[in-house]
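A.B. asks: Taking the hints into account, I'd like the entire structure generated from these sequences.
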Amino acid sequence: MKQSFKMIFSLCLIAVVSAVVLAKVYQITQPAITANEKKATEVAVYKVVSAANSYKEAKIGEIDIFKCYDENNKLCGFAFTVEGVGYQDLIKVMVGVSADFNKILAIEVLENSETPGLGNKIETPWFENQFQNLDLQNKITVVKGVPQKNSEIQAITGATISSEAVVDIVNNKIEELKKSK
Amino acid sequence: MRKINVLFSDFIKGLWQENPIFRLLIGMCPTLAVTSQVKNGLAMGLATTFTLLASSTIISIFRNFIPKEVRIPSYIVIIATFVTIVSLFLKANFPEISKELGPYVPLIIVNCLILGRQEAFASKNPTHRAIADALGMGIGFTLSLIALSSVREVLGMGTLLGHQVIFGNFRPWIIMLTPPGAFLTLGLLLGLVNIINKAVKNRKKKKQ
Amino acid sequence: MVKELILVFIATVLINNFVLKYFLGICPFLGVSDKLSSAISMGFATTFVMTITAPVAWLINNYILIKFDLPFLQYVCFIIVIASLVQFVEMVIKKFFPLLHQSMGIYLPLITTNCAILFMTLQLVLREYSLIKSMVFGFGSGIGFTLAIAIMASIREELEFRDVPESLKGPGITLIIAGILALIFVGLAGLIQVR
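Protein chains in written order, with the working numbering: chain A, 119 to 299; chain B, -3 to 204; chain C, 113 to 307.
Keep in mind that the hints were calculated from the coordinates and are not lab data.
Treat the hints with caution; some may be incorrect.
[To be verified] With a straight-line Cα cutoff of 20 Å, these simulated SDA-like cross-link-like pairs (lysine to any residue) come out: (1) K267(A) <-> N256(A); (2) K64(B) <-> G235(A); (3) K87(B) <-> K281(C); (4) K267(A) <-> D253(A); (5) K120(A) <-> E65(B); (6) K95(B) <-> Q148(A); (7) K156(A) <-> K35(B); (8) K87(B) <-> L234(C); (9) K194(B) <-> I285(C); (10) K165(A) <-> K142(A); (11) K194(B) <-> K179(C); (12) K197(B) <-> L11(B); (13) K142(A) <-> N89(B); (14) K281(C) <-> F85(B); (15) K210(A) <-> P91(B); (16) K156(A) <-> K(-1)(B); (17) K95(B) <-> S231(A); (18) K281(C) <-> K95(B); (19) K124(A) <-> P63(B); (20) K179(C) <-> Q148(A); (21) K165(A) <-> N256(A); (22) K120(B) <-> R59(B); (23) K35(B) <-> T45(B).
Keep in mind the model is a prediction, meaning the values are calculated, not measured.
C.D. replies: Laid out in structure tokens, this is it:
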């Protein structure tokens, strides 16, 4: 009896001390962690809507978006994150579109775990820059050669699936946004 | 003087003779998973060393108060606490590294190296020896990670710590960055360590 | 719904194989893979524990950690759940299935420190799986582990009669074979796309 009481007591003591210590550490580190996350979003938003000077979080239908304003406080575009499955795992992209929803301003791949050296080239400026000023009247499509139309993206050699995945998840979200607008 | 000798041998054995990765073959999961770049290998090594050092110290201090029957759960809770602290610290101060190491930070909890040292050493020895042992094992672990990740980063990207080190017509061996490359490199490095060990042993024999 | 569950299962077993893609459970993978029979016992013991752990971890995460806003206790809670479930499973098996305990018993305590289980619980939270999907995910992870360790064991049984270079004997050659196996599994990536 005394034995088991000692066991329970020491286990509980360890658990309580651990919880208290962790609560304290969490409290101390939390502001920095939130600030880091906010900063990461901020950097990405300003990158995809380069004219933006400030932004506000808002909703279109059910979808979270960032409304971007230029220095005269005029609406200059929208930014939003899209995510979906690529060749292997999750791909997360920040997309910037113009205020009239007619063209893409820029995109930035935030997270991916595609094949190193092939699929993860979706993170390179060469691939991302292809999205700049794309026409949104038509769906974006992936081609294997040099793009002919202003809604075409050249696929990465050896990584067509990753290239198509990025285009698909961007297309889907834009379609959704257009509907709920 | 003898006391210092004991401490020194507690420390030094982790570096080669009982090197966790190459000799004892424990703590393999993070070893393989995060060593595609030296930066990540180093960060993982330091995070593990910190957790090992902190848990060994605490457990060795309280070794007489923790009942034998529940020692394993107690150790695991203590280790998990320190790993959570490491994880929060990384997230707050080094968000980039925290993102790169991702899900492998919490896995330090179940790194057999840490629990193994508590069971085999910290729970039986005084605190100063436990600290020496933890430091030696931690540094040995970190050095092994650096060795493995250097090979993989140089061959896989032609860089070391992000600086270009191979010039000219070199085409990076992408396979080194992928899971198969990790297994192959570690297997071959293990063979190399065995060859060196054997050569050292033979030389000692000849001297005698 | 059912189709999605099947896809999650195939993806966890073949494409995102825990051992060969995420390097989880390497210690038992190297340690217990010298004989096919013990490898399969180890695999099923792990699968069993994983299938039970997944829903329990899901419930604790959704009804305790999220409800009371205690994200920082996640690691501690999950590892306690795993350790106590392993203990519990061992007691139940010992009492009601003594025969099974004889073949599986020695592997059960080792499972607590199998990083595959902790990783699985953390992933199902990260991927925001539903309760049923979590169970399929847990079961699939276990089967994937069993598959990898069983393939390895059958290769190693053959290997005993082969002429392996002295310095690579044991873990060295095992890791190199694992590398080749991983290479084969890389070929399965992109088979289906699911998360």
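A.B. asks: Does the structure keep K281(C) and K95(B) at a Cα separation of 20 Å or less?
C.D. replies: This hinted pair is violated, its Cα atoms lying about 37 Å apart.
A.B. asks: Quick one, are K124(A) and P63(B) close enough, alpha carbons at most 20 Å?
C.D. replies: holds (7 Å)
A.B. asks: Checking one constraint from the list: CA of K267(A) to CA of D253(A), max 20 Å. Satisfied?
C.D. replies: This hinted pair holds, its Cα atoms lying about 9 Å apart.
A.B. asks: Is the Cα-Cα distance between K165(A) and K142(A) 20 Å or less?
C.D. replies: The hint is violated at about 36 Å.
A.B. asks: Is the Cα-Cα distance between K95(B) and S231(A) 20 Å or less?
C.D. replies: The given pair, whose Cα atoms are some 12 Å apart, holds under the 20 Å limit.
A.B. asks: Does the structure keep K87(B) and L234(C) at a Cα separation of 20 Å or less?
C.D. replies: holds (17 Å)
A.B. asks: Take the C-alpha atoms of K156(A) and K(-1)(B), compute the straight-line distance between them, and say whether it is at most 20 Å.
C.D. replies: violated (52 Å)
A.B. asks: Hinted pair, alpha-carbon criterion (20 Å max): K95(B), Q148(A). Please report holds or violated.
C.D. replies: Roughly 16 Å separates the two Cα atoms, so the pair holds.
A.B. asks: Quick one, are K120(B) and R59(B) close enough, alpha carbons at most 20 Å?
C.D. replies: The given pair, whose Cα atoms are some 7 Å apart, holds under the 20 Å limit.
A.B. asks: Would the hint linking K267(A) and N256(A) be met if the CA-CA limit is 20 Å?
C.D. replies: Given that 20 Å is the threshold and the Cα spacing comes to 10 Å, the pair holds.
A.B. asks: So if I understand the rule, the pair passes when the alpha-carbon distance is 20 Å or less; does K87(B) with K281(C) pass?
C.D. replies: Between K87(B) and K281(C) the Cα gap is close to 41 Å, so the pair fails against 20 Å, i.e. violated.
A.B. asks: Taken at face value, is the distance from the CA of I285(C) to the CA of K194(B) at most 20 Å?
C.D. replies: holds (17 Å)
Of the numbered hints given earlier, the model fails hints 2, 3, 7, 10, 11, 14, 16, 18, 21; all others are met.
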